[in-house]
Amino acid sequence: MKFAVIGGTGLIGSQVVQNLNKAGHQAVPHSPSTGVDIITGQGLEHALADADVVVNLSNSPTFDEASLAFFRTSMDNLLAASEKAGVGHFVILSIVGVDQVPELDYYRAKVLQEDILKAGAVPYSIVRATQFMEFVDAVLSWTADGDTVRLPTTPLQPIAAADVARFVAETAAGAPLNGVLDIAGPDLYPLDELGRITLAARGDARTVVTDDSAGMFAAVAGDVLTAPDDARIAPTRYTDWLS
1 MKFAVIGGTG LIGSQVVQNL NKAGHQAVPH SPSTGVDIIT GQGLEHALAD
51 ADVVVNLSNS PTFDEASLAF FRTSMDNLLA ASEKAGVGHF VILSIVGVDQ
101 VPELDYYRAK VLQEDILKAG AVPYSIVRAT QFMEFVDAVL SWTADGDTVR
151 LPTTPLQPIA AADVARFVAE TAAGAPLNGV LDIAGPDLYP LDELGRITLA
201 ARGDARTVVT DDSAGMFAAV AGDVLTAPDD ARIAPTRYTD WLS
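Just so you know, the sequence shown maps onto residues 1 to 243 in full-length UniProt numbering.
Please keep in mind that the hints were generated in silico from the structure rather than gathered at the bench. Some hints here could point you the wrong way.
Below are the DSSO-like pairs computed for lysine-lysine, each with C-alpha atoms no more than 30 Å apart in a straight line [as the list claims (entries may be wrong)]:
1) K118 to K84
2) K2 to K84
3) K22 to K84
4) K118 to K2
5) K22 to K2
Since we're looking at a predicted model, the values are computed, not measured.
Throw the hints in and build the complete structure from the sequences for me.
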């Protein structure tokens, strides 16, 4: 099959392209660097020509309210081009529990992306992942101040990007789900404990201070960002990934 992978040069996209090509498919990465602009629509018709499947792994450049406009415009353009090209399967990557955190602009934007896909005419699959292990450092940086990092006790179940890419590639190569697949890592941590484990593994002497008002994840109530009962569990443990 031929796959058009939008955002195919990024962290997840590049690995999805590699996995699909290794499996004997033809996966082509598309991004602004390859001349494809999903906001203006430039290059989309050529990128999607003869594609059996579109995998959209593009992401908003911001996490604020502007992300809503990004996902609305990009999805409208991609779905219109997909219908015109006769694409038979459209896959996006979203977030476990994304519809349970309306307080966060970015999460509302991802829900909008899902809703636009569901309302479209192209058969689809939505893969919802828990937080990437690769993003933990960024999360720590949001509330770092000198020798301390303030973190809430929000439960997270981090997943390695390589595992995410494998699940996305498998889903894209299969029949459309017309629904959602949840994926998660094998270990559950309060975010403050995750921070302590990360800093210790890296020989970082900063201290994690538990603060349930600190950072973006302070807005998350309960365990909504952890794996539901029917989720697929990835094999990579966080401590192994750190080492």
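Which numbered hints does this structure break? none
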